[in-house]
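Input sequences plus hints: build the corresponding full structure.
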Amino acid sequence: MRILLTNDDGINAPGLAVLEDIAREISDDVWIAAPEEEQSGKGRAISLTHPIRTREVGDKAWAVAGTPSDCVLLATHNLMPEKPDLVLSGVNRGQNIAEDTSFSGTIAAALFGMQLGIPSIALSQSQSFRERGSLPWDTARAWGSKAIKPLIEHGWPGDAVMNVNFPDVDPEDVKGIQITRQGFRDESIIHTDRREDLRGNDYYWVGYKGKLSKPDEGTDLRAIYDGYVSISPLHVDLTHEVFLRTLRELWKN
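The working numbering numbers the first residue of the sequence shown as 3 and each following residue consecutively.
Treat the hints as calculated values from the structure; they're not laboratory data.
Misleading hints may appear alongside valid ones.
[As the list claims (entries may be wrong)] Label-pair restraints from in silico Cβ distances:
1) H193 - D61: 41 to 49 Å
2) S29 - T194: 16 to 24 Å
3) I54 - S130: 32 to 40 Å
4) T241 - H52: 26 to 34 Å
[To be verified] Calculated lysine to aspartate or glutamate pairs in the EDC-like style (CA-CA distance at most 16 Å, straight line):
5) K151 - E27
6) K62 - E40
7) K151 - E22
8) K177 - D228
9) K62 - D31
10) K151 - D30
11) K151 - D87
12) K148 - E174
13) K85 - D31
14) K216 - D199
15) K62 - D30
16) K148 - E22
17) K62 - E22
18) K148 - E27
19) K151 - D23
20) K44 - E101
21) K216 - E101
22) K148 - D23
Note that the Cβ used here is the ideal one computed from N, Cα and C, for glycine as well.
In structure tokens form, the structure reads like this:
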């Protein structure tokens with residue numbers, strides 16, 4: 003099996019090394035195309051207004067001066083001799099659950115792989131209660147192949163990607179794996195921080211507030227809060243099916 007690895011944290015991110023360890027438990031034909039610099043929060047962006055440069059950083063490995071979706075596009079069309087059998091995106095620094103999924107570069111790369119007809123999985127390591135830099139990467143490393151091997155063996159619909167999130171606990175404290183749906187937080191955790199530079203001009207940082215929600219059972223949020231690995235099938239169709247029926251009735255006549 004030929005596996006393509008990518009991420010949104012960049013070619014030197016520790017999570018990418020963890021992902022390579024996971025991938026090599028499945029196959030020895032592993033390829034890497036990851037952003038030259040961090041691309042967190044870039045969502046499904048592709049580079050249309052400037053050229054994309056690549057830099058070979060090892061055997062079957064490239065740094066790409068572009069977005070996660072750019073990485074998948076160039077790898078499958080230019081860098082690899084044949085398309086991969088599987089795309090793995092991650093392991094992201096921080097969870098990609100609930101509303102995070104809409105702007106996650108990690109999930110975007112998996113969605114791009116899916117659109118190219120390649121089975122794709124996004125993997126993320128939660129950091130809900132720890133300082134940046136102290137994530138339990140061994141949790142993703144220990145549970146990664148346990149989560150994705152059954153998926154590979156069984157398969158899944160061609161219009162879906164698998165979203166895997168590991169809880170912010172040590173490997174031995176993981177309670178198991180739960181199949182979940184996308185949850186929603188009680189309130190937004192995104193905030194802006196206004197600051198002033200030395201010339202008296204305002205500038206802003208965008209970040210996250212460390213607040214917990216009270217999510218429903220069966221959601222990715224609930225599973226992660228409770229110490230389980232969460233696996234959610236996601237797809238690109240954004241249609242609101244319930245209101246679609248209402249609109250059709252409204253315009254029927």
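Compare the structure with the hints numbered earlier in the document and write down the numbers of the violated ones, lowest to highest. Result: hints 2, 6, 14 break, sorted rising.
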